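**Student:** Listed below, chain by chain, are the residues.
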Amino acid sequence: MAEYLGERESGVERLRWAVRSWQLTAAMWTRAAMAYRASFALMLVANVLITSLDFVVVVLMFQHTDRLGGWTLPELGLLYGTSAFALGTADLLVGSVDSLGERIRAGTLDVMLIRPAPALSQVCAERFSLRRLGRPAQATAVLAWSVSAVRVDWTWDRVLLLAALLVSGTVIFSALFIGGATLQFWWGEAKELQNSFTYGGATLLHYPPTVFAKELVAGVTFGLPLAFVNWLPLLHILGKPDPLGLPAAFQFASPLAAAGSVLVAGVAWRAGLRAYRGAGN
Amino acid sequence: MALIELEDVARTFTIRAKVGRLRRERREVRAVDGLSFTVQAGECVGYIGPNGAGKSTTIKMLTGILVPSAGRLRVAGVDPARERTRLARRIGVVFGQRTTLWWDLPLRDSYELARRIYRIPDARYRANLDRCVELLELGPLLDTPVRQLSLGQRMRGDLAAALLHDPQVLYLDEPTIGLDVVSKVRVREFLREINTGAGTTVLLTTHDLTDIEQLCGRVMVIDHGRMVYDGGLDGLHATGQSERTLVVDLAGPSAPIEVPGARVVKVDGARQWLAFPAEDSAAPIVAAVAAGYPLLDLSVREPAIEDVIARMYAKVPIG
Ligand SMILES: Nc1ncnc2c1ncn2[C@@H]1O[C@H](COP(=O)(O)OP(=O)(O)OP(=O)(O)O)[C@@H](O)[C@H]1O
Ligand SMILES: [Mg+2]
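Chains as they are written, first to last, in my numbering: chain A, 1 to 281; chain B, 1 to 319.
Quick caveat, the hints were computed from the structure, so don't treat them as lab data.
Small disclaimer: the values here were computed from a predicted structure and weren't measured.
Where a beta carbon is used, it is the ideal one built from N, C-alpha and C, also for glycine.
Where hints are given, some of them may not hold.
With a Cα cut of at most 25 Å, we get these calculated DMTMM-like pairs of lysine to aspartate or glutamate [claimed, not checked]:
| # | chain 1 | residue 1 | chain 2 | residue 2 |
| --- | --- | --- | --- | --- |
| 1 | A | LYS214 | A | GLU189 |
| 2 | B | LYS18 | A | GLU215 |
| 3 | A | LYS191 | A | GLU102 |
| 4 | B | LYS18 | A | GLU192 |
| 5 | A | LYS191 | A | ASP153 |
| 6 | B | LYS18 | B | GLU28 |
| 7 | A | LYS214 | A | ASP66 |
| 8 | B | LYS18 | A | GLU102 |
| 9 | B | LYS266 | B | GLU279 |
If you want the footprint, here are the derived chain B segments under chain A, 3+ residues with CB under 8 Å [to be verified]:
| # | segment |
| --- | --- |
| 10 | 56-63 |
| 11 | 67-77 |
| 12 | 82-95 |
| 13 | 110-123 |
Computed beta-carbon distance windows for the label pairs [to be verified]:
| # | chain 1 | residue 1 | chain 2 | residue 2 | range |
| --- | --- | --- | --- | --- | --- |
| 14 | B | ARG82 | A | GLN23 | 39 to 47 Å |
| 15 | A | ALA164 | B | ASN51 | 51 to 59 Å |
| 16 | A | LEU130 | B | PRO145 | 19 to 27 Å |
| 17 | A | ALA259 | B | ALA41 | 40 to 48 Å |
| 18 | A | GLN23 | B | GLU83 | 18 to 26 Å |
| 19 | B | ARG301 | A | GLY188 | 47 to 55 Å |
| 20 | A | LEU130 | B | PHE13 | 36 to 44 Å |
| 21 | A | GLU102 | B | GLY52 | 19 to 27 Å |
| 22 | A | GLY239 | B | ARG24 | 54 to 62 Å |
| 23 | B | VAL19 | A | TRP186 | 45 to 53 Å |
| 24 | A | TRP186 | B | ARG82 | 16 to 24 Å |
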C-alpha cells in the first residue's frame, strides 16, 4: 500500500501547506460560483457602490467644515482608506470564517476535518468570491487620492510605515475575524459580536481618535488592538500629537500588535477545535 | 497488525437544558462510556446499536473530529485528535448523512481536488479512479454536477472519493441509508471488493442488518456507549438468548399445548407457535407434541437476526 506521509513537517512547511489548502479551496469556490457567472459583474459593481457610500458620508460632512477633530479631509481619507483596505482585504481572505456557526450546524465542518488540510484554511476560503474585491479596490482609490492630496512630505520612513500599517492592519482584522468566529464553537450566536468587532471597528477607524472619548481610544489600544491598524501609525505620518500621550514607540508597534493578535487567534482556534462537539448525528 | 485500538475510551457531552422559566440545568450525556476494542488490518467489522448508542460519536473520535473525554485511541499508528491531518491521509470516511463532494461542481472536480489535497501521485490517482469508476459505474456521471445526482449515485460518488488515496481504513457511517434495494446491493458488492480484494480494513455502522450479514465477519453491538457484544454473527444468537419457533398444525382447534422445554406464544385455530431456546434440540419437543396431540404437520423457524438484536437492545439496563 502506498504511503505519502513524509516526515514531521516544519513550521514553514505547515504554513505553506495552510496557504496552499486555502488556494485550492478558494479555487473550487470560484469555479462553483462560475455556475452563476451572470451575477458576478453586477455584484462587484454593487459592492463598490455600496462601500463607497461610507466615504461619501465623510465627504458630505466636510461641506460645512474643513476640519473634523482637527483633521482635514485628505487626512480623513487616509484614515478611511487604510481602515477600509485592511478590513476589505481581511474580509476577502478570511471573512467567511464568520459563518463557522452555520458550518457547524450543517455538519460541513466535520467534512473539512476529515481532509488532510487545515480546517481553518478551508473555513476561511469557504464561499470565496472575487466579488469581495470591491471594498479593497474602492479603498485603494480613496487612499491614492488622499496620499497625493494630503500635506505630507513622503519621506522613506513615512512610506515604509504606511506599507507596514496596511499589512499589519490586514493581519489584525484577519485575527479579529478568526478570533471572533472562534467564539461560535461555544456560543452559536457569536457572529453578531464578531461583526461588531470587525465591521464596527473599521467604521470607528474612519474617524480621528480625537473625536472619541479617551476611554474608548484606550480600549481599542490595549483591548482589541484596533488603534494599531491606522490611528497610531498615522499619528507619526501626519505628525499629530497622541491624544493619550503614549510613548512614540506605539506608533511603530503595529507589526508587533499584529503578531500578538495572530498568536491569540491561533490559540483560540485550537481551543475551539478541542471543544468542538460535532453536529450531533 | 492492530490498525484500530481503543482503550477505555469515553466521550461525554454537557447539555444545558432549560428547566422552568429561568433556571438552566447542566446534564451530562455519556455518549461513549468506557469502550475498548481492537480491529486488525483487513477485517470488516459491523458496528451496530440502537439510535443514540454512540456509534457516530465513536467514528468521529476515530477520525479525529471529536476529542475523547477519556481513554486512549490509536488508528494506523496515530493518535487521531492530536494528529488529525496526518491521520486523514491514512483513512477514508463516508458519512451516509452528508457528502464530501462539491455540490455545484461536476463529480470529476471533487476527485481532482482530492488528488491535490491528498497529494496522490498521478499514476496512482488514475489507476484508483479508473477502478472506482468501473466498479461503481460512475463513467456517465463524472461530468454531472453533484446536486443533480440521485442519492444512490451520490453515495457511489462519495465512496470513490473516500478511496482515491488508498486509505488503510475505511469508516462508513450508515452508507446504505435511504438507498433502494438495487443500490444497496451495488454498494455492498463494492465494499466486499474493497475489503477482500484490496485488503482495506472496513468499519461500518448501519441499521440494515443485511449489510452486516453479507459483509462482516465480525460484529460489535453497543448500547448506551458500552459494548454489549463483540464476535461472530452466529455467536449473536447464543448471547442474545434467541429462540427458535416450532409451528404446529393440529387436526383441530385445541387448548394451548403443554410440553416441557417449550411455551406457546401464539394460537390461531388449529395452528400453534411454540418457542424454545435456539441452542436446544427440537427432537424431544416434537416427540412430546406428537405423543400428546393429533399432529398433522410441523416446521421449525430459525430466529431472524433482527429479532435477536432487538432482544439484545431491549435487555440492556438503562444507565
Ligand atoms: N453534539 C452533541 N451534543 C450533545 N449530545 C450529543 C452530541 N452528539 C451526540 N450526542 C448524544 O450522544 C449520544 C450518542 O449519539 P450518536 O450520534 O453517537 O449515536 P448513534 O449511535 O450514531 O445513533 P444513530 O443510530 O441515531 O445515528 C446520543 O444520546 C446523542 O444525543
Ligand atoms: Mg449515527
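**Student:** With reference to the structure, classify each hint as holding or not holding.
**Tutor:** Quick rundown of the hints versus the structure:
The suggested pairing of LYS214/A with GLU189/A is violated, with an alpha-carbon distance near 30 Å, which exceeds 25 Å. Between LYS18/B and GLU215/A the CA atoms are separated by roughly 38 Å; this puts the pair beyond 25 Å, and the hint is violated. For the hint pairing LYS191/A with GLU102/A, the CA-to-CA distance comes to about 10 Å; that is within 25 Å, so the pair holds. Restraint check for LYS18/B and GLU192/A: the C-alpha separation of about 23 Å stays at or below 25 Å, so the hint holds.
Taking the CA atoms of LYS191/A and ASP153/A, the gap is about 42 Å. The hint is violated against a cut of 25 Å. Distance restraint check for LYS18/B and GLU28/B: the Cα-Cα separation of roughly 14 Å lies within the 25 Å cut-off, and the hinted pair is therefore satisfied. For the hint linking LYS214/A to ASP66/A, the alpha-carbon distance of about 23 Å falls within 25 Å, and the restraint holds. Distance check on the hinted pair: LYS18/B and GLU102/A sit about 23 Å apart at the alpha-carbon level, within 25 Å; holds.
Of the pairs offered as hints, the one joining LYS266/B and GLU279/B holds, with about 21 Å between alpha carbons and a cut-off of 25 Å not exceeded. Three residues within the 8 Å Cβ limit are the bar, and the segment 56-63 of chain B against chain A gives 4, so the coverage statement holds. Requiring three or more residues with a Cβ within less than 8 Å of a Cβ of chain A, the coverage given for the segment 67-77 of chain B is violated, as only 1 such residues are present. Under the rule that three or more residues need a Cβ within less than 8 Å of chain A, the assignment of the segment 82-95 of chain B holds, with 9 such residues.
Evaluation of the coverage hint for the segment 110-123 of chain B: fulfilled, as 7 residues show C-beta separations to chain A shorter than 8 Å, against a requirement of three. For the pair ARG82/B and GLN23/A, the beta carbons lie near 26 Å from each other, so the given range of 39 to 47 Å is not met. ALA164/A and ASN51/B have their C-beta atoms about 57 Å apart, which keeps the hinted 51 to 59 Å range intact. A hinted range of 19 to 27 Å holds for the C-beta pair LEU130/A and PRO145/B, which are about 21 Å apart.
ALA259/A and ALA41/B have their C-beta atoms about 45 Å apart, which keeps the hinted 40 to 48 Å range intact. Taking the beta carbon of each, GLN23/A and GLU83/B are about 23 Å apart, inside 18 to 26 Å as hinted. Separated by about 52 Å at the C-beta atoms, ARG301/B and GLY188/A satisfy the suggested range of 47 to 55 Å. About 40 Å separates the C-beta atoms of LEU130/A and PHE13/B, a value consistent with the hinted range of 36 to 44 Å.
Remark: the range hint 19 to 27 Å for GLU102/A to GLY52/B is upheld by a beta-carbon distance near 25 Å. Restraint check, GLY239/A to ARG24/B: a C-beta distance of roughly 55 Å satisfies the suggested window 54 to 62 Å. At about 21 Å, the CB distance of VAL19/B to TRP186/A disagrees with the hint of 45 to 53 Å. With their beta carbons about 21 Å apart, TRP186/A and ARG82/B fall inside the hinted range of 16 to 24 Å.
The structure is inconsistent with the numbered hints 1, 2, 5, 11, 14 and 23, although it conforms to all the rest.
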